[in-house]
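S.K.: Given next are the chains, with one letter for each unit.
There are 2 protein chains.
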Amino acid sequence: MSQACVALIAVTGVAVAMGSMAFAAQANNQAPVSPIYGVTLPQGYREWTVIAPAQEAAPLDELRVVVGNAVAVKAYRDGTLPFPDGAVLVKLAWKRVPSSEFAPASIPGAATTVQVMVKDSHRYASTGGWGFGRFINGTPADEAQHRTCHACHQSAVKDHDLVFTRYAP
Amino acid sequence: MSQACVALIAVTGVAVAMGSMAFAAQANNQAPVSPIYGVTLPQGYREWTVIAPAQEAAPLDELRVVVGNAVAVKAYRDGTLPFPDGAVLVKLAWKRVPSSEFAPASIPGAATTVQVMVKDSHRYASTGGWGFGRFINGTPADEAQHRTCHACHQSAVKDHDLVFTRYAP
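Heads up: the protein sequence lines correspond to chains A and B, in order.
Counting the first sequence from 1 gives a position; the numbering used here is that position plus 536.
Counting the second sequence from 1 gives a position; the numbering used here is that position plus 536.
Treat the hints loosely; a few may be bogus.
Result set (DMTMM-like, lysine to aspartate or glutamate): computed pairs, CA atoms no more than 20 Å apart in a straight line [what the hints assert, rightly or not]: (1) Lys631(B) to Glu592(A); (2) Lys694(B) to Glu637(B); (3) Lys610(A) to Glu679(A); (4) Lys627(A) to Glu679(A); (5) Lys627(B) to Asp697(B); (6) Lys631(B) to Asp597(A); (7) Lys627(A) to Asp697(B); (8) Lys631(A) to Glu592(B); (9) Lys610(B) to Glu583(A).
No lab work stands behind these hints, which were simulated from the structure alone.
Please read all numbers here as calculations on a predicted model, not as lab measurements.
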């Protein structure tokens, strides 16, 4: 058997194994995990503390709120950088729609994505200590989308440990 | 002494007494209270659960997040209307400024107002069961501003117990 053929079988085997793992996770009611990083939607994040809202212009045209777990909130308030292991940030996003009751206001429409950053300096050493997850209706986006996370954060965020969001006072 | 003069002295006395009470509250490190309603900034509201973000167009040009206490959040999730006594909502607001790191995004600038709604169907029976407070840097806005709260909510909100904000899923 040629080396190329061995390699193809090996790659196919890995792909099948990964597909089976994802299927097994869903079948067992385990939380779906993001590709590359294995990040899940954290339990209870909808109750977490607000870090800050944001607005994203068209074409996405969204309203967003970033919330953080206790480790993340403490780091923000203490000004601790880099963020310590265990810090988790979640960004909730919705389409931006006009209020039908108060003309100057825009409010959330349909939910779009929920995006997660998990700090684990060992597990995610090759991506600045952060693992990423992007979920749509609870289902992880594909690997191609997850390939863009770290590169964008690394190139755009200035001196804030790859985290765009600052704490809104 | 004329009746008008007696009335003026009485009104002046009430005003002086109210001013003294406000001064005494601040001197004793008690929480400042809103005019008309006597609403305070609730303890720990910065940790409360997100109800929804919003954007307000120019001239205010703000980003906002409404958070709720446990009573309010339960009412939202259960679809309970009118809101039960003890429900408290707080709206945090900031100037909307462009992100210097990510062009499509607008983010919070300086904090502007913090606005509070407290449900107490007995105490606030004459204003639909809601008491209002509007604070700037922790200091209540004046009585004229507080006169506008109930009238606007009553005229504009449709079938949602005077509360503009709906829960963002």
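S.K.: A separate judgement is required for each hint: does it hold in the structure or not?
M.R.: Do the hints match the structure? See the list:
1. Lys631(B) to Glu592(A): Satisfied, since the Cα-Cα distance of roughly 15 Å is no more than 20 Å.
2. Lys694(B) to Glu637(B): violated (39 Å)
3. Lys610(A) to Glu679(A): violated (32 Å)
4. Lys627(A) to Glu679(A): Holds: Lys627(A) and Glu679(A) sit about 19 Å apart, inside 20 Å.
5. Lys627(B) to Asp697(B): Distance of about 17 Å is within 20 Å: holds.
6. Lys631(B) to Asp597(A): holds (18 Å)
7. Lys627(A) to Asp697(B): With a Cα-Cα distance of about 29 Å, the restraint between Lys627(A) and Asp697(B) is violated, given a limit of 20 Å.
8. Lys631(A) to Glu592(B): holds (15 Å)
9. Lys610(B) to Glu583(A): Holds. Lys610(B) to Glu583(A) sits at ~12 Å (cutoff 20 Å).
Figure legend: structure checked against the earlier numbered hints; hints not met, in rising order: 2, 3 and 7.
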